[in-house]
Amino acid sequence: VISKLIKKFENCPLVYSLVRFPSGHHQNLIIGIVAPNLKRINDLIAKQLRS
Numbered sequence: 001v002i003s004k005l006i007k008k009f010e011n012c013p014l015v016y017s018l019v020r021f022p023s024g025h026h027q028n029l030i031i032g033i034v035a036p037n038l039k040r041i042n043d044l045i046a047k048q049l050r051s
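With the first letter of the sequence shown counted as 1, position 48 gets the number 48 in full-length UniProt numbering; the numbers rise by one all the way through.
Derived from the structure by calculation, the hints contain no laboratory data. In this text, all values refer to a predicted model and were calculated from it rather than measured experimentally. Do not rely on the hints blindly, as some may be mistaken.
Unchecked claim - With a straight-line cut-off of 30 Å between C-alpha atoms, the simulated DSS-like cross-links for lysine-lysine are:
| id | residue 1 | residue 2 |
| --- | --- | --- |
| 1 | 39 | 4 |
| 2 | 47 | 8 |
| 3 | 8 | 39 |
| 4 | 39 | 7 |
| 5 | 47 | 4 |
| 6 | 47 | 7 |
Throw the hints in and build the complete structure from the sequences for me.
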């Protein structure tokens, strides 16, 4: 799942940071996003995660 998320977000111009790190048996991903407004972030998430 983490690899799929990285592929979806790695070429997005609004994403400035992707950090993957282990936490016990789980993997975590922190995505840094910069956008001019909250609507752009909501649209990005709707497009990338729900597609």
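To see whether the hints hold, each was checked on the structure:
no.	hint	verdict
1	39 x 4	holds (24 Å)
2	47 x 8	holds (10 Å)
3	8 x 39	holds (19 Å)
4	39 x 7	holds (22 Å)
5	47 x 4	holds (14 Å)
6	47 x 7	holds (14 Å)
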